[in-house]
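A.B. asks: Sequence:
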Amino acid sequence: VGRSPVMDRVRERIRRVAPTDARVLITGESGTGKELAATAIHGLSERRAGPFIRVNSAAIPRDLVESEMFGHERGAFTGATERRRGRFELADGGTLFLDEVADLGPEAQAKLLRVLETGVVERVGGQRGVPVDVRVVAATNRDLRDEAREGRFREDLLFRLEVVPLEMPPLRERPEDLPLLVEHATRRLRARHGLPSVRLRADALDRLRTYHWPGNVRELLNVVERLTILHSGEEIGAAEVGPILSGSAHARPPAFDPHDARDLRARLDEYERSLIEGALAFSDGNVAEAGRRLKTDRANLYRRMRRLGLRDETP
Numbered sequence: 003v004g005r006s007p008v009m010d011r012v013r014e015r016i017r018r019v020a021p022t023d024a025r026v027l028i029t030g031e032s033g034t035g036k037e038l039a040a041t042a043i044h045g046l047s048e049r050r051a052g053p054f055i056r057v058n059s060a061a062i063p064r065d066l067v068e069s070e071m072f073g074h075e076r077g078a079f080t081g082a083t084e085r086r087r088g089r090f091e092l093a094d095g096g097t098l099f100l101d102e103v104a105d106l107g108p109e110a111q112a113k114l115l116r117v118l119e120t121g122v123v124e125r126v127g128g129q130r131g132v133p134v135d136v137r138v139v140a141a142t143n144r145d146l147r148d149e150a151r152e153g154r155f156r157e158d159l160l161f162r163l164e165v166v167p168l169e170m171p172p173l174r175e176r177p178e179d180l181p182l183l184v185e186h187a188t189r190r191l192r193a194r195h196g197l198p199s200v201r202l203r204a205d206a207l208d209r210l211r212t213y214h215w216p217g218n219v220r221e222l223l224n225v226v227e228r229l230t231i232l233h234s235g236e237e238i239g240a241a242e243v244g245p246i247l248s249g250s251a252h253a254r255p256p257a258f259d260p261h262d263a264r265d266l267r268a269r270l271d272e273y274e275r276s277l278i279e280g281a282l283a284f285s286d287g288n289v290a291e292a293g294r295r296l297k298t299d300r301a302n303l304y305r306r307m308r309r310l311g312l313r314d315e316t317p
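Going from the sequence shown to our numbering is simple: count from 1 and add 2.
Just so you know, the hints here were simulated from the structure itself, not pulled from any lab data. Some clues are possibly wrong.
[What the hints assert, rightly or not] Label-pair distances were calculated between CB atoms; the ranges are:
#, residue 1, residue 2, range
1, R13, R194, 24 to 30 Å
2, G45, Y273, 36 to 42 Å
3, V122, R154, 57 to 63 Å
4, D148, D265, 24 to 30 Å
Here a beta-carbon is modelled for each residue, glycine too, at the ideal position from N, C-alpha and C.
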């Protein structure tokens, strides 16, 4: 969702690569929509009638990942009471989405490389290979070149996976998409909860644009859902949005984010804004009480609020 130039480029690359069988490596921060991109690639491909199987490499214990991905024969290990097909076999004729591929251990990486080279899966404890016809789309929020240099990821596997790279942009790099994303989220939530949609005023959208969104689109969807539930059918301004952002799991900015292109002043302003909004939320909007919580006087707090665009009136 979005009409920004950077998202136009993402859609164009998906459109070009989807009809092919080329492997795609999707990179980007958490919450940027890597799985949605993988789903779109599958949906626009010649394999769309086949299965789309997702493997979250980070969620599978390392001692079970080979069994999950490649299957096992009966008696291959303690607890293997019957033959089991792995995710590669389940994805035969379709697409296998390897999410968090950087979390695979050395043995699983080696076996994955063999499957990509030969198109044949060997189940754990098996004596014969099983041919599979699978397109692999992988995703990671890490720099696999750095991982390869540090010896944590096989360089030859990286080359096999990254036939076509696709980078998903963070939300802070496409603030012009926020209104569309909010509209899309409210439509989905209206259908799910049966609640009237919230209406965001211009100052509320401006507040959303100034937020850093470390959790990206996933965090935005969480914020919109909370606003929809707490303020259903209402018109919402910055005063209602601020406390929600302050209470977000990602509200406190990291000490240093190498992907953040803003200058120091802009980062400090966001942190100060979050502190003030949080204090106001805990003080039911009482500026004097918020000032006491922040250990500053009322007049100074008003000056800071006006500078940050939090309130227009004078004390």
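A.B. asks: Lying within 24 to 30 Å: is that true of the beta-carbon distance D148 to D265?
C.D. replies: holds, 26 Å
A.B. asks: Between the beta carbons of R13 and R194, is the distance compatible with 24 to 30 Å?
C.D. replies: Cβ of R13 to Cβ of R194: about 26 Å, so the range 24 to 30 Å holds.
A.B. asks: Within 36 to 42 Å: is that where the Cβ-Cβ distance between G45 and Y273 falls?
C.D. replies: holds, 40 Å
A.B. asks: Using the C-beta atoms of V122 and R154, is the stated range 57 to 63 Å upheld?
C.D. replies: violated, 26 Å
Checked against the numbered hints given earlier, the structure breaks only hint 3 and satisfies all the rest.
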